[in-house]
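Novice: Take a look at the letters that make up each chain.
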Amino acid sequence: MSKINHIEGRAVPVEGNDIDTDRIIPARYLKEITFTNMGKYPFYDERFDSAGKPKGHSFDMPQYQGAHILFVNQNFGCGSSREHAPQSLMRWGIQAIVGESFAEIFAGNCTMLGIPTCTVSKEQAHELQGKVKGNPKTQFVVDLDKKAIFCEGKELMKFDIHESKRNALINGTWDSTSLLLANAGKTAEVAKRLPYVSGF
Amino acid sequence: MAKGTLYNKVWDSHTVDKLPTGQNQLFIGLHLIHEVTSPQAFDMLAEKGLKVAYPQRTFATVDHIVPTKSQARPFQDNEAEQMMGAIEKNVSRFGVTFFNFESGNQGIVHIIGPEMGLTQPGMTIACGDSHTSTHGAFGTLAFGIGTTQVRDVLATQCLAMDALKVRRVNVNGKLKPGVTAKDVTLYIIQKLGVKGGIGYAYEYGGDVFDAMTMEERMTVCNMAIEGGARVGYVNPDQTTFDYLKGRQYAPAADKWEKALAYWKSVASDKDAQYDDVVNFNGADIEPIVTWGITPDQSVGVNDSLPDPAKAHEDERKSYELAYKHMDLKPGAPIKGTKIDVAFIGSCTNGRISDLREAAKVAKGRKVSKTVKAFVVPGSQAVKIQAEKEGLDKVFQDAGFEWRQAGCSMCLAMNPDKLKGSEISASSSNRNFIGRQGSKDGRTMLMSPAMVAAAAIEGKITDVREVLK
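These protein sequences, in sequence, are chains A and B. Take any residue in the first sequence, count from 1 to its spot, add 56: that is its number in my numbering. Take any residue in the second sequence, count from 1 to its spot, add 35: that is its number in my numbering.
Okay, chain A solo, but in the shape it has when bound (with noise of 0.2 Å):
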């Protein structure tokens, strides 16, 4: 798996505080039973009238195609567990998001699929979304091994990541399935010391 030290790119901003992952991406596109085709519908109801016509989400701005980092405010992904959620940010093309906090689930999904939530200040994630509105050609660098975003090759601002997270992407152990069945032998101990598991 692949070591993830640094993100690189422009980026794009989504403001609010609570935006769940309903509204990142509606139940109805659950029905797919691979992930395959959500890259399309991230944000899809903020994004689209009910004609399909563009309601003007920075998602569709043509100066944020392309942009691999998110720039978000409190809360982001409260709500339901659905991986889709990061899924859709990932294939649409998101590689790293940075904001003033996370819901849980939705951060430990993140870091399930090689995406980084790096924490900054509300003034932090405010000049953040106002440097790249004010220029979307900016280039951010999101370096893990640093804590820091870069700007032009000069350090703008640090950034937090819970460490273990961080670990795991810049060790490439973020994917964790080969690290869990590495200990399958401790894993039948513990099964085994636990009296509800063999019945009482």
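Treat the hints with care, as some may be off.
Calculated lysine-lysine pairs in the DSBU-like style (CA-CA distance at most 30 Å, straight line) [said to hold, decoys possible]:
| id | chain 1 | residue 1 | chain 2 | residue 2 |
| --- | --- | --- | --- | --- |
| 1 | A | K242 | B | K293 |
| 2 | B | K395 | A | K189 |
| 3 | A | K178 | B | K226 |
| 4 | A | K178 | B | K86 |
| 5 | A | K242 | B | K200 |
| 6 | B | K345 | B | K373 |
| 7 | B | K352 | A | K111 |
| 8 | B | K364 | A | K203 |
| 9 | B | K494 | B | K226 |
| 10 | A | K242 | B | K86 |
| 11 | B | K494 | B | K364 |
| 12 | A | K189 | B | K474 |
| 13 | B | K373 | B | K404 |
| 14 | B | K200 | A | K109 |
Just a few of them, taken from the derived set where beta-carbon distance is under 8 Å, the chain A residues facing chain B [what the hints assert, rightly or not]:
| id | residue |
| --- | --- |
| 15 | G72 |
| 16 | R79 |
| 17 | L86 |
| 18 | R138 |
| 19 | L169 |
| 20 | D216 |
| 21 | H218 |
| 22 | S220 |
| 23 | S232 |
| 24 | L236 |
| 25 | V246 |
| 26 | A247 |
| 27 | V253 |
Hint data in this document are derived by calculation from the structure and do not stem from the laboratory. Quick caveat, the model's predicted, so the values are computed rather than measured. Ideal Cβ placement from N, Cα and C applies to all residues, glycine included.
Got chain A sorted already, so can you dock chain B onto it with the hints?
Specialist: For chain B alone, kept in the frame of chain A given last:
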């Protein structure tokens, strides 16, 4: 750091190893799956050439996409039929027990687990659904997970997890008559906010939880996640043990004492330490109704809608968006808000006690002509019990539709959806924009009895006045 809590004990006893990432490898005692978040997980398993490591510890059912009118196969919705076909194929290929329609045990995953006695104190539980926190009512650590994590549990019976902090949420004193578990959980979310629980497990305790039935505790824990807490739990006690006794998967008579000893041992110690403690007074809680687009945007039924100018600056924009979406006015009383649809059901409030409470309100009354009202039992077993008690008749006589078991209009993945900008009184758990199947649809969350009262009056009503 928390010490001596149920969270600490269960976390420690289920820890397999410290992973090189710094996460804990946690053994998962019970894995529940449903049709929506599992097909990709099984595909990933097959791609890697892996088997289900502990097939006897995973149980499957169908709930999210199932129609609640006719469940005849093939379903009219091709995608739903395909999804149903996928879970049927996967459970048979990988050897997982499946509670399908014919089993008599089908239903919402968080209703059937407890109902069959699968959910027991001191377990770790995972399910690809955020409302897995429901099972915490039994003194379990129950985690909602994503699909890639479902794959991990299938392949290894483990998850790579970061530890949470523990917040004790005390509600002491006595609830007023007419105030329900739903009101308690909505009140806690209103006070602590939808982000208040990020990074925490909530341990609910105090007089009010001690006095609650298991079904009431499930309603509270169900919505822990709506307050940002991935895990919520109540320590197991005699109420828990009495509920479990005699259930299909509960320990048999000769194992009962051993089970009891384990269950009692996992409860938080008297001198347990918490990372945070908050205290509420049960007598302060009124029947609660949400007015906005997040579950913390709520008021007491006799209150007026809040002024965005007085909201915390972080909340102001969200308030403005909420007022625009809901087409409601600050300062207006919430009572009297007209509704179009009334939905009683979901993993929050689709249990027999919920239907009984709603039926008390419906009995001898008529649903308003302007309201489409329906009741969706949370499981086949709930439906059968309700019919035995004649609740189906009570509801139908009043003008409610009586449906088959499923998630239904809680998330509208089946044909039960709001249309256009319809407004619903709903006993479910989320009032998010678009949640009930129409992007312009509007949801007001409340207890099942309050939904029944709103159905009858055609508008938001204090159920206590209807029952006078």
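Novice: Determine for every hint whether it applies to the structure shown.
Specialist: Outcome of the hint check:
1. A:K242 with B:K293: holds, 24 Å
2. B:K395 with A:K189: violated, 56 Å
3. A:K178 with B:K226: OK: K178 (chain A) and K226 (chain B) at ~22 Å, within 30 Å.
4. A:K178 with B:K86: Outside the cut-off at roughly 45 Å; violated.
5. A:K242 with B:K200: holds, 26 Å
6. B:K345 with B:K373: Roughly 26 Å between the alpha carbons, so the hint for K345 (chain B) and K373 (chain B) holds.
7. B:K352 with A:K111: Measuring from Cα to Cα gives roughly 19 Å; hence the hint holds.
8. B:K364 with A:K203: violated, 44 Å
9. B:K494 with B:K226: holds, 26 Å
10. A:K242 with B:K86: holds, 18 Å
11. B:K494 with B:K364: holds, 16 Å
12. A:K189 with B:K474: The given pair, whose Cα atoms are some 27 Å apart, holds under the 30 Å limit.
13. B:K373 with B:K404: holds, 12 Å
14. B:K200 with A:K109: This hinted pair is violated, its Cα atoms lying about 45 Å apart.
15. G72: holds, 6 Å
16. R79: holds, 6 Å
17. L86: Nearest chain B Cβ about 5 Å off; hint holds.
18. R138: holds, 7 Å
19. L169: Hint on L169 (chain A): holds, closest Cβ of chain B at ~7 Å, below 8 Å.
20. D216: With a closest approach of 12 Å, the D216 (chain A) hint is violated.
21. H218: holds, 6 Å
22. S220: The hint holds - S220 (chain A) has a Cβ within 8 Å of chain B, the shortest such distance being about 4 Å.
23. S232: Holds, about 4 Å.
24. L236: holds, 4 Å
25. V246: This hint holds: V246 (chain A) lies near chain B, its Cβ roughly 5 Å from the closest one there, short of 8 Å.
26. A247: holds, 6 Å
27. V253: holds, 7 Å
Taken one by one, the earlier hints fail for this structure at numbers 2, 4, 8, 14, 20, listed in ascending order.
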